[in-house]
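Enquirer: Please put together the full structure from these sequences, using the hints given.
For the protein sequence lines, the chains are S and W, in the order given.
Residues 12 to 398 in our numbering are what the first sequence lists, from first letter to last.
Residues 1421 to 1547 in our numbering are what the second sequence lists, from first letter to last.
Bear in mind the hints are in silico, worked out from the structure with no lab data behind them.
The beta-carbon is built from N, C-alpha and C at its ideal position, and this holds for glycine as well.
Warning: the hint list may mix true and false statements.
What the hints assert, rightly or not - A partial selection of chain W residues facing chain S, derived with a Cβ cut-off under 10 Å:
hint, residue
1, Ile1424
2, Gly1432
3, Lys1464
4, Tyr1487
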Amino acid sequence: MDLTKEEQSALNGEKGDALQTAYRILVATGEATNAEKLIPINWAHLSGVNYNTIGDSGEEFLRTISHEAKVKVKTTVNPMGFDFDHISEFNHIDDEFIQKQKSIRNSYVRMGVEPTFSCTPYDIFDLPEKNTQVSFAESNAAIFANSLGGLKTNKESAFSALASAITGKSPYSDLRKDDIITPMTIRMKLDNPNELDFGMLGFFAGKVGDTSVNISGVSQPNRRSCKALCGGMGTSGTCAKFQFVDNEDEKSEKVDFGKEEMNEVYDELNTAEKGDLITLGSPQLGLEELSDLSKMLKGKSFQKRCMIFCSRAVQEQARSLDYTNEIERSGGEILSDCCTCLTPLIDTNETDAVTTNSIKGAYYLKNSTGVDVNLKPLSKIIEDETR
Amino acid sequence: MTKIIVPGRASGIVLKTTNPINFLGAVDKKTGVIHDQKYDIYKKSIQNSVLVFPYGVGSSVGAYTIYSLKSNNVAPAAMICKKADLTVASGCALADIPMIVLCDEEFNTIENGQQIQIDTESEKILN
Chain S
12 MDLTKEEQSA
22 LNGEKGDALQ
32 TAYRILVATG
42 EATNAEKLIP
52 INWAHLSGVN
62 YNTIGDSGEE
72 FLRTISHEAK
82 VKVKTTVNPM
92 GFDFDHISEF
102 NHIDDEFIQK
112 QKSIRNSYVR
122 MGVEPTFSCT
132 PYDIFDLPEK
142 NTQVSFAESN
152 AAIFANSLGG
162 LKTNKESAFS
172 ALASAITGKS
182 PYSDLRKDDI
192 ITPMTIRMKL
202 DNPNELDFGM
212 LGFFAGKVGD
222 TSVNISGVSQ
232 PNRRSCKALC
242 GGMGTSGTCA
252 KFQFVDNEDE
262 KSEKVDFGKE
272 EMNEVYDELN
282 TAEKGDLITL
292 GSPQLGLEEL
302 SDLSKMLKGK
312 SFQKRCMIFC
322 SRAVQEQARS
332 LDYTNEIERS
342 GGEILSDCCT
352 CLTPLIDTNE
362 TDAVTTNSIK
372 GAYYLKNSTG
382 VDVNLKPLSK
392 IIEDETR
Chain W
1421 MTKIIVPGRA
1431 SGIVLKTTNP
1441 INFLGAVDKK
1451 TGVIHDQKYD
1461 IYKKSIQNSV
1471 LVFPYGVGSS
1481 VGAYTIYSLK
1491 SNNVAPAAMI
1501 CKKADLTVAS
1511 GCALADIPMI
1521 VLCDEEFNTI
1531 ENGQQIQIDT
1541 ESEKILN
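Expert: Given below as structure tokens:
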């Protein structure tokens, strides 16, 4: 990859440790993506905020770099471990977790990020004009940006997005150009798919697809299904983009996603017949989804704990529009700043299994939190778990 | 050596898997042990190995997992992939773990349990 004189001097450490670290990351990721140069980006979205995911060494790294580095472009950040406004209510989270999480939060704020603590930046801000180059870590957000938002990003890593935020640059990879080679086509064969089916389609597509996939046989899925597709796809593979197509490209390799393929994904991720609690949100719910939920819950009450994750910005909008009344009356617990994935609010001491409609949530509940998962679409959750 | 992603020299015993690795979901960052039973290297430790796997998948935070493995002294000595992905590339860059990409043919000749040396400067892999 060719660097300008200025970039080379930063890589050599002539502009301080933080920039040297950032350029080392950009050079490695540039090599990894066959980029010939770095280009400017105008929005970075960072992952690596939850203490559960980045640990002590991550906390220390951020503390050190934040005393030197400042973000150069608009920068938003992923969820952390808990709802920052309600810490005192979470008795079982130990003090060390709270202190380390606060330190991580402070480090990001010190660098100048917008404290969004959300995996759905596309639900909070208006997206910039089409073809704008951005750097989104958080796989569901990167896939959403490329596939539905008309933006261009790599499926950035936590470090490559941080390096982009600090330098305002990112490798000019194939995904940032328009000339992607004909991708594989996944033929959706399920009739009337719900959001769980779309999540499983995404998980399957992520496994079989390369950088990008076409999806045929799908007509106008709603936002909940689109987000489920992005979340599922980001969990299982390296695929960073999809495109709904009406006509299948002759040159494209075709793979069916039917009952059999769906059952395979279901059997991999569904490990319990019922959950001790319910989680909704991974990705965090947007305003439209909260509005839907409040209508679906009219006159009903949850028979067990139901945690509903959304960003703080969306929660505030939902409150002002009164969507939250019906949800909270039904017993739903609305939480911001955090998400199903790796929150310490769910642990194996108190929970054996969780009911959710999220494929991404299911994967991390099982593999990272260590609890079993009962997968159901939202309509079925409400049918089975409310009265 | 098809491509050098993170330069350096290292040696170790090959731990090879056919599974793409989700570092956040499948690797214990404190012990370096694979804890996802769907992997063919389930329960194996990646510490000091030359970790040979197709590519990284899943969460972008996996880069922090790689950095944590290094800080906890349980990281692989080097990584060899068939395809470079941003999570593994950036994690190795920050953790200073040599990482290279090999073409299918070269990748297939590497065997589990074999002791190998990597030197990106001379672009050599020695048995």
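Enquirer: Honestly, which of those hints from before does the structure not fit?
Expert: Hints 2 and 3 contradicted; others consistent.
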